[in-house]
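J.: Chains as they are written, first to last, in this note's numbering: chain A, 1 to 315; chain B, 1001 to 1246.
Careful: at least some of the hints might be erroneous.
[To be verified] Not the full set, but computed from the structure, chain B residues with beta-carbon under 7 Å of chain A:
{"#": "1", "residue": "Gln1138"}
{"#": "2", "residue": "Gly1164"}
{"#": "3", "residue": "Gly1165"}
{"#": "4", "residue": "Tyr1179"}
{"#": "5", "residue": "Glu1199"}
{"#": "6", "residue": "Ala1238"}
{"#": "7", "residue": "Arg1240"}
If you're looking for bench data, these hints aren't it; they were derived computationally from the structure. Virtual Cβ for every residue (Gly too), placed ideally from N, Cα, C.
If you want the building blocks of each chain, they are given just below.
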Amino acid sequence: MNLAMILAENIGMTYRQVLKEIVALKEISIEVKEGEVFGLIGPDGAGKSTLFRILTTLLLPTRGRAFVGGFDVIDQYREVRNIVGYMPGKFSLYQDLSVEENLHFFANVFDTTIQSNYDQIKEIYEQLAPFKNRKAGALSGGMKQKLGLCCALIHKPKVLFLDEPTTGVDPVSRKEFWDVLKRLGKEGMSVLVSTPYMDEARLCDRIGLIFHGELLAVDTPDRLIRKHDKKLVAFRARDMYRLLRDIREEPGVYSCFTFGDSLHTTFREGDYPVERFAASLREAGHVGVEWNEIEAGIEDYFMMLTNDISDGTGH
Amino acid sequence: MERVIEVEHLEKKFGNFTAVDHISFHVERGEIFGFLGANGAGKTTAMRMLCGLSKPTSGTGRVVGFDIARESEKIKRGIGYMSQKFSLYENLTVRENIRLYGGIYGMRRSEIRDKMDRVLGDLGLLEERNTQVRLLPQGVKQRLAFSVAAFHEPQVVFLDEPTGGVDPAVRRMFWELIYQAAADGITVFVTTHYMDEAEYCDRVSIMVDGRIEALGTPAALKQQYGVPGMQEVFYLLARRAQRKEG
Chain A
1 MNLAMILAEN
11 IGMTYRQVLK
21 EIVALKEISI
31 EVKEGEVFGL
41 IGPDGAGKST
51 LFRILTTLLL
61 PTRGRAFVGG
71 FDVIDQYREV
81 RNIVGYMPGK
91 FSLYQDLSVE
101 ENLHFFANVF
111 DTTIQSNYDQ
121 IKEIYEQLAP
131 FKNRKAGALS
141 GGMKQKLGLC
151 CALIHKPKVL
161 FLDEPTTGVD
171 PVSRKEFWDV
181 LKRLGKEGMS
191 VLVSTPYMDE
201 ARLCDRIGLI
211 FHGELLAVDT
221 PDRLIRKHDK
231 KLVAFRARDM
241 YRLLRDIREE
251 PGVYSCFTFG
261 DSLHTTFREG
271 DYPVERFAAS
281 LREAGHVGVE
291 WNEIEAGIED
301 YFMMLTNDIS
311 DGTGH
Chain B
1001 MERVIEVEHL
1011 EKKFGNFTAV
1021 DHISFHVERG
1031 EIFGFLGANG
1041 AGKTTAMRML
1051 CGLSKPTSGT
1061 GRVVGFDIAR
1071 ESEKIKRGIG
1081 YMSQKFSLYE
1091 NLTVRENIRL
1101 YGGIYGMRRS
1111 EIRDKMDRVL
1121 GDLGLLEERN
1131 TQVRLLPQGV
1141 KQRLAFSVAA
1151 FHEPQVVFLD
1161 EPTGGVDPAV
1171 RRMFWELIYQ
1181 AAADGITVFV
1191 TTHYMDEAEY
1201 CDRVSIMVDG
1211 RIEALGTPAA
1221 LKQQYGVPGM
1231 QEVFYLLARR
1241 AQRKEG
């Protein structure tokens, strides 16, 4: 079980333009084991797709080495291509072919048939079957994703690469998609999946947080959350927008952001007197001020890590 | 309170398929209204009717005081629209984008010029006015897109999944802009797949199979369904969907 199905060592990617260099990836090293579902979590522009393209032999890195299923992605790209399934972030099936024709096409390219691997895709394909004669371009977003997954699985790959398979998909369809990934992992397939949704992180065996081409942290979701070392308090009051502005004015506050129905606030010092601060908010005219200390989630941790790097503008 | 959007038994059929099935609701001035639903539930079709881009099969509706079936051109002038997929022209500069949109909405040149400096100042973009939009950081682009959608001072801004794929901090800064707009009296009508964002809305509706199955403040909905978060409310309702998206 300890065989590394994906091994990336100091992978870097720099694009050279006329006047400047753009560093898309800096020294990324990851290892994904057999049967592991590994999540790459980060916003658009973090470098996720570049890493996917390198690992699926579609792009040559400017530095570092990588192996998939034990094969070198540069020298043995043919072998790599036979054992991977890849679903790019942008819908890349043939829009003018029907659902069934697309599936036939991908089965043929890998020298197999739909029938011989039907068990692999049955669970998803049954939902698509009513539309099998519809052109792929005319499917809804959720259905396109399902067809994309079927096409990536039709040759029973050992390693599956899914680049943002759930972006723009509603929460219920996203959950169904993740149930399938869990099963594939249990059956021994290694899965590298990227997502901008932090709530999907806890569904992975391990995750890597990626931001501006850099891997900030890699661990199991539980262990990552425990690395959040700042005092974290959830505040509520009637006028949340005013509360947000007032909390940010307080010098002892490190960060304050909206989180669902409360404001997650971190403090510079672990022994900050929160109740005294809450009382001063009440004195300043806030109605219904409540607070409680809470456990951090993945999103809290991600935001703590990026608070110092990001100037708040996404760059 | 003044009703900026008001629809009664709104219906849209495509052949035998009822995409929007007799929905009724209203949105008040300055409200942040979350319009939720699974893919294929009928949100986009409903939103297109509200924006005057598609005529209802039956039912009535008024947006910013005009009839959605007969006065769609007047509606288009009174609203703003932004989506994650498309909003600004990447190959035009910041200034050119603002001028283009201001012009489309019939603003005078002098009016555009005066307001442009104020808006760019608020966004901290005065220095970047001649930069092509494609070169701006994503978070900046996002906030600019919103400001452009609200530039002609519409009564309502429609936001169709405005925050898909952006990083957590940028997503929140964007919402702070929405709060600010609402505090200034602009009504915000927003769709999202992030359920934490549903919590930021004053009221939300959840569409299932073309119908509005739930409508209320996030607190009231959570209480009604006896669950701790909007995520759970959404699961409970969307799982009941019968109709298969195509």
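J.: Taking each numbered hint in turn, which are not upheld by the structure, reported in ascending numerical order?
T.: 7
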